[in-house]
Each structure stands twice: as structure tokens, then as C-alpha cells.
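Student: Since chain A is already given, all that's left is putting chains B, C and D on it; use the hints.
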Amino acid sequence: MSDHHEPQVPLASRAARAKALRAALDEKNLIPKDYIENFAHVAENDWKPQNGAHVVAKAWTDPAFRERLLKDATSACAELGYHGPQGEYMAALVDTPTLHHVIVCTLCSCTAWPILGLPPDWYKSFEYRSRVVRESRSLLREMGLDLPESVEIRVVDTTAETRFLVLPVRPAGTEGWSEEKLASLISKNVLIGVALPQVPATA
Amino acid sequence: MSDHHEPQVPLASRAARAKALRAALDEKNLIPKDYIENFAHVAENDWKPQNGAHVVAKAWTDPAFRERLLKDATSACAELGYHGPQGEYMAALVDTPTLHHVIVCTLCSCTAWPILGLPPDWYKSFEYRSRVVRESRSLLREMGLDLPESVEIRVVDTTAETRFLVLPVRPAGTEGWSEEKLASLISKNVLIGVALPQVPATA
Amino acid sequence: MDGVHDLGGVNGFGAVELESNEPVFHEDWEPIGYALIFVGAADLNAFTIDELRHAIERMEPRHYLTSTYYERIVTGVAALFVEKGYVTHEELERRAGGRFPLARPVTPGEPAREPSISFAPGETVQVRKDHFRGHSRMPKYVRGKRGVVLHQAPRFPYASAAGHGIEAKHEPTYHVKFDAKDLWSDAAENSTVVVDLWESYLEKV
Amino acid sequence: MDGVHDLGGVNGFGAVELESNEPVFHEDWEPIGYALIFVGAADLNAFTIDELRHAIERMEPRHYLTSTYYERIVTGVAALFVEKGYVTHEELERRAGGRFPLARPVTPGEPAREPSISFAPGETVQVRKDHFRGHSRMPKYVRGKRGVVLHQAPRFPYASAAGHGIEAKHEPTYHVKFDAKDLWSDAAENSTVVVDLWESYLEKV
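Residue numbers (the UniProt record's numbering), protein chains in the order written: chain A, 1 to 203; chain B, 1 to 203; chain C, 1 to 205; chain D, 1 to 205.
Mixed in with the good hints there might be a few duds.
Within a straight-line C-alpha distance of at most 20 angstroms, the following computed SDA-like cross-link-like pairs (lysine to any residue) qualify [as the list claims (entries may be wrong)]:
{"hint": "1", "chain 1": "C", "residue 1": "LYS181", "chain 2": "D", "residue 2": "GLY144"}
{"hint": "2", "chain 1": "C", "residue 1": "LYS169", "chain 2": "C", "residue 2": "PHE132"}
{"hint": "3", "chain 1": "B", "residue 1": "LYS48", "chain 2": "D", "residue 2": "PRO23"}
{"hint": "4", "chain 1": "C", "residue 1": "LYS145", "chain 2": "D", "residue 2": "ASP186"}
{"hint": "5", "chain 1": "B", "residue 1": "LYS19", "chain 2": "D", "residue 2": "TRP29"}
{"hint": "6", "chain 1": "A", "residue 1": "LYS19", "chain 2": "C", "residue 2": "PRO101"}
{"hint": "7", "chain 1": "B", "residue 1": "LYS48", "chain 2": "D", "residue 2": "VAL24"}
{"hint": "8", "chain 1": "A", "residue 1": "LYS19", "chain 2": "C", "residue 2": "THR88"}
{"hint": "9", "chain 1": "A", "residue 1": "LYS33", "chain 2": "C", "residue 2": "ILE37"}
{"hint": "10", "chain 1": "C", "residue 1": "LYS84", "chain 2": "A", "residue 2": "ALA23"}
{"hint": "11", "chain 1": "C", "residue 1": "LYS84", "chain 2": "A", "residue 2": "LEU30"}
{"hint": "12", "chain 1": "C", "residue 1": "LYS181", "chain 2": "A", "residue 2": "THR98"}
{"hint": "13", "chain 1": "B", "residue 1": "LYS58", "chain 2": "B", "residue 2": "SER187"}
{"hint": "14", "chain 1": "D", "residue 1": "LYS129", "chain 2": "C", "residue 2": "GLY144"}
{"hint": "15", "chain 1": "A", "residue 1": "LYS33", "chain 2": "C", "residue 2": "PHE38"}
{"hint": "16", "chain 1": "C", "residue 1": "LYS129", "chain 2": "D", "residue 2": "ASP182"}
{"hint": "17", "chain 1": "B", "residue 1": "LYS28", "chain 2": "D", "residue 2": "ARG95"}
{"hint": "18", "chain 1": "C", "residue 1": "LYS129", "chain 2": "D", "residue 2": "GLY144"}
{"hint": "19", "chain 1": "A", "residue 1": "LYS28", "chain 2": "C", "residue 2": "TYR34"}
{"hint": "20", "chain 1": "A", "residue 1": "LYS71", "chain 2": "C", "residue 2": "PRO121"}
{"hint": "21", "chain 1": "C", "residue 1": "LYS145", "chain 2": "D", "residue 2": "GLN126"}
{"hint": "22", "chain 1": "A", "residue 1": "LYS28", "chain 2": "C", "residue 2": "GLU91"}
Note that these hints are calculated values from the structure, not bench results.
Isolated chain A, as found in the complex (with noise of 0.2 angstroms):
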């Protein structure tokens, strides 16, 4: 492809490719009735934050839980309902008050879907895949998330089947607080390390 030889016939839409592409199929009787819908309908309301952010709360007050989160994510999530596609193989990344996890799939955009939700555009764009293992600091820094020098920051790259989810240290002065409300503090962006639960000030 040299500078002068552009190509005449204009691209096709990203839509139109997608919705050529699903017709094709669908003249051919390849995609079952309504799979794309209930597709989507799964990928918007059953994997989400919140599925995480329950098994990070129930860590956090039951240790009989947490001792079999850390040792097979996949079983321990699956007590709770959260199983699936991207799921297959589990592990919580456990943070201390001197080390940090943040995780990132700098190949493509791997992601534990079922406990995660699909992954958010940052994730995916190529500023994060990039620069996070090399910059993990000063990236995290300009993301919100300042951490003292003496924290490790551990990124860990998603290339091959395992998927992960950030078990972060359980806030100062959250102390009784139910499952439900601890939960509450836990985002999305907190399970993949890229914030930290914030204990709300009036709380």
C-alpha cells in the first residue's frame, strides 16, 4: 500500500459490516433465533461489577470464603452464581498495604466477563494496553490513583486463559458494615486496580 494507490471503492460502515456480516449468516440459517439479542441481553444485565464486587465483600468478612477465593476463584465465584464465558479459569490478585494489583490484556483485551462485566473502551484503547506495563505509576497517577513509592504495583498481563480479579485491602473505617454496603465501594474500575475504594467521607 503506497501513498499514491488509495483505494477507490469507499469503506462500508463499522454497522453495515457488522449487520452485512450477521445477514450473510442469517440468510445461511447459522444464527439460532434471536442469539445476537439474548446475547446482548446476558452481556448488559448477568456479567457486571457488582457480581465481582459481591465476591470481594464476602471475602473481605468471611474468611472461611476468602481462604477458598484465593485458593480456586473459579469454584468460590461459582458458590455465588458467577460462572461463564471468560470465566472458565479464575484468580483473585490479592493486594497488601505494600503491593497492588492492576491488570491489563496488552494483546488484546481479555477480561473475566462474569464477574467483571465486559470490559469498559479504556481498557481496550491502545493508551492503557501500551503504556501501563511500562508505566505503571505515572499512568495510574494520571488515571486518579496515587500510590505511595514503598507500594509495589504489580500489573498483570492477561495472555493466556487465566482471568483475574483485584482483591483490594478492606478500607479503615469500614468496620460492621454489612456485605451489601461494603460491596457498594467496589466499582469496576477498583476490581480491575485502576481505583481504590473510597469510604465516603459522610459515611
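Tutor: Below, chains B, C and D without anything else, positioned relative to chain A:
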């Protein structure tokens, strides 16, 4: 830049951008009269592969010139009137029956303007820049130059200030030819090293 | 494959833009590609997820870098349905009413190493130094680097074979920890990178 | 800088298209950028050619990879005229009637090594292993690799300083020959690559 934050203002065309820059500098009287037209004239008429062809043909027929060319290509070319920008320090790459040189600039597209002319589109293409250093033999074959395995292919990457020309082996069947007739065998592609001088069957 | 998709450590990209209250899908066509992965991989057994990843990596580099995420998914899935003979490229372009770029050709895959070599947690390992043009889940930033095994994960089909649709031996993957400074001298202070690597990508030290 | 411009050995690009009887310029605006390099570098002393190369490398990676050659020249020159205060970005966009993307910000340059270390033809040398985010004329494919000096060229301003407009010591460059197989295990047979490297990019073995 994420997937769903596309800029709203359309990109100005390449021509509009180039002309806008020119107009902005012109208005501030920063561009001497006829500067761009004069530059284009020199680039289109003075810097040309016929200069390099002359250098090669003379090196084939004049052993003393060849020696001066190998020792100091810049001044040997200057003898013939060839010098100028991107020709401040030039070097000849001497092919032998078992060594073939080919020139690239993987980082941008540096070329010895005064003796080769401005580089062709293919030389500036990402295809050539990425592939020739790693797959020299098969890429040259794709481009029409099939060298025997016994010939070392030496790819020269123009990463600093030396500017190169390839001095090919004088082809058999050219005994007694004039310098001018020999020069007619040498194209820009021969001077870069992606082609060899071809003696016409009818010669 | 040392392609443009292998982005870890590449310089030049700007700020990461966060979107608040981001929807799962931004446009109505976006679920199509994802859903069709399952049609192709689970229902029709036409291809594997590894082949999908490889098809996306085989996109023309300029197309890869200017496409959106879901565009890449659609492109990879479409490329595989064409390559496997379910639809033709012409039909897709006719229906789309314009160009529908797919992927560049597949090259040969690489079977897993035989015999296998196992590694234990705590062991220092070295990532292979060699180059493979096909599908690989070994990012180039760890090529030839040494790290420490943190964990051995279960066996999964070897990606560099599975990505090419050839028989793929199941072998463990290892979570290997590298000091970021060993990967890039200008890397962040007190930072490590864990990469999940198939056994065949690793060597004894 | 490990940017997308550093293309040597990147996989995924297709055929090289040759054009017969190619004109020197294909479009009337193409000489503008080249000519303005000389206005800026030679007539106004506003910037160096090294700074121009660096400005082009600082283009947003997607823009770099989808631009034409002369578009990159215009972009780099325009970026420098804006950065040096000759024109404003707003004026350029107003005159162009649309977006006129320039380059990402400059980072600090790197002075040449002191004291200098000289190398002789025939000597085996090793390319520096470290990473530098600024302008560099050391392609990443030779980082940490060993080669043999073929020739010492005259002194030129050290590119990693000159590209940032800071004082650049003049030092020799060396034509260093590498076995292509040492750079890429799947490289062509019986092939070598010569890279022209400033003294500060090289180390004694």
C-alpha cells in the same frame, strides 16, 4: 483516544494543511520569493538517478576514479558536480559476485538526494521499511530480484548521516561499452539495490 | 508475530480517557461480533477463540490501529467465516455496500514443544528468544527475559497451535513475574509485570 | 523512543508496490513541506533536521501510520513552527478549514556520553541495552545486540540531543554489521544488516 470519542471537527485535507502552513509563513514574510518553486525545480531536475548512474559507469571504466569513490565518495561525486543536501557524506557500497547491498531507512526515509534523486514511494512505504531488514531475500524476490543463496544480502539501514549508493558488479557482455551506454543500465532501483543492471538481449 | 497489536511498552500514545456511567454497548451493532464468536466457536465448531485472536492480529496494520474494538471483533469473525467457507468476501461487500476489509493470510502454526518441561512456583525461568511469525501469546516485551514463576495454571490448548486451527496439545500456563526495570530500563519504580505464559514459551535457566 | 515509526522487522505489512515512471512529486502541494524544512533549518535557524525527524516521530501513532510521507513532513514542520512560536495552531486550523493535527509534546533530550569511547573497524561492539523515550536513531531491533564495526564515519551532532534542540556534541558514527539471524531467528538466510550508529549508542564488549 477511545473508541467512542471521535473528534467532531473534520480533518483538513493534506493539500489544505500544506497550503495553510505555507500561507501562514508567507504572510509573515518568512518564505523567500519563489523558494518553494525553486526547491521543486531542483528536486525534479537536478537530483536524479542519472547522476548516480554516471558515478557508477565512471567507476566501472576508470580505475582511478573508482579508487577515489571508494575512499571518499563525497568528493568523488563532487568531481562530477554532484553534491548538495542529503549528500554531505556519501559512501559507495561495493557489490561483488558473492555480496549484494540494498539500502533502506527503517526510521524515516533518508536517501542520497544529489545522486539518487528523491526516494520513490515504495522506498518510503511501511511495507519496505518493515520487511527488507528481516526478510531481505524473499522480499527482493517478490520485487523481481532473485539472488542465489550463495550471495550474501547486506541490508544497509540509513540511520545516521551517511548517505549510500550501491556500486553493482559490472555485468558481463558490456566489454568496450562507453561510459554513457553503461550509465543507461543504471536506474534508481539499481542504485538502491532492489534491481541489477540488465543488459538488453539485443545489445 | 511481531505485529502492531503487540502494544505493551510501545511509546507515543496519549492519555487514557475514562467515561463515567459507560454503557456496556455504545452502538446497536456492537453485540453482533461478540455473539457471532459463540455461533462460530461453540455452535458451529467452525473455529476456536485462538483463531479469532489470530485473525484480528492478521488485520492489515493500518486497519488494526485505526479500528475500534468491536470493529476488530467483526473483522476477525468475518475473516474466519470467509476463510472457513461459510460466506464469501464478495457477498459481505455486496451486502455492506462498500469495502469490507478482512485479514491477511494465515501462516503455518507451531506445535507445542515435545517433550514438555515443567516449572515449579519460585523457579526462575527464561522466555524463549526466538521469533515466530504466527499467532503467539508471548508479548515481545518478555522475549528472552528472565522471571520467576508465581503460579501454575491448568492445562489449555497451546495458543500458537490453536490459533492456526491445528491440533493443540494442552499444557499448563505459568504466571511469571518480571521486574519492570528488566523489561524497560525507564520503567516505573517498584513495579513488576506478571505475564501468563504457556509452557512451550518458557525455558529452564 | 519505542514508537510505531521504528518499523524494522515489524510483521504484518503486505506487498511493496512498485510504480513505473514514477514522478518526483505526485501532487502539487508535496514540495511545500520539504522546502519549508530548509526555510526553518537553513534560513531561519529555527530548528534542526534532527528536530524535524523527532517531531514526525512524535505524531500520534494512529496518525503516523495512516499518513502519507509528505503529510508527515508537513506535520513535522508545522509542529516545529508552532512550537518555536512562528505560527499558532489556531491560525493553521483556521487557514486549513479543519483539524490540523500536529505532534505530541517533546520530552527531555539525552546528551552524548562523556567521556567518549572510540571503536575501530573490525571491533565487535554491543548496542546499548537501555531505553530512552526521546529521539533516537538506534532502531530497537539492534538494542543489546552485538555486531562488527565496518567503518567509522565523520563526526555529526549526537542525534538524541540534536533532536531535542539541546547542545549536541559531535561524535563519529559507525557502520556496524549484524548477522540478520542474531536480530530475528526467522530472518533471511545469508543476510546481514548494517546500521549506522552514533558512538554513544555503542559499548565495548
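Student: Taking the hints in turn, state whether each one holds.
Tutor: Results for each hint:
no.	hint	result
1	LYS181(C) <-> GLY144(D)	holds (15 angstroms)
2	LYS169(C) <-> PHE132(C)	holds (18 angstroms)
3	LYS48(B) <-> PRO23(D)	holds (11 angstroms)
4	LYS145(C) <-> ASP186(D)	holds (19 angstroms)
5	LYS19(B) <-> TRP29(D)	holds (7 angstroms)
6	LYS19(A) <-> PRO101(C)	holds (14 angstroms)
7	LYS48(B) <-> VAL24(D)	holds (9 angstroms)
8	LYS19(A) <-> THR88(C)	holds (15 angstroms)
9	LYS33(A) <-> ILE37(C)	holds (16 angstroms)
10	LYS84(C) <-> ALA23(A)	holds (17 angstroms)
11	LYS84(C) <-> LEU30(A)	holds (14 angstroms)
12	LYS181(C) <-> THR98(A)	holds (18 angstroms)
13	LYS58(B) <-> SER187(B)	holds (15 angstroms)
14	LYS129(D) <-> GLY144(C)	holds (13 angstroms)
15	LYS33(A) <-> PHE38(C)	holds (14 angstroms)
16	LYS129(C) <-> ASP182(D)	holds (10 angstroms)
17	LYS28(B) <-> ARG95(D)	holds (14 angstroms)
18	LYS129(C) <-> GLY144(D)	holds (13 angstroms)
19	LYS28(A) <-> TYR34(C)	holds (19 angstroms)
20	LYS71(A) <-> PRO121(C)	holds (15 angstroms)
21	LYS145(C) <-> GLN126(D)	holds (18 angstroms)
22	LYS28(A) <-> GLU91(C)	holds (12 angstroms)
In summary, the structure agrees with every hint in the numbered list given earlier.
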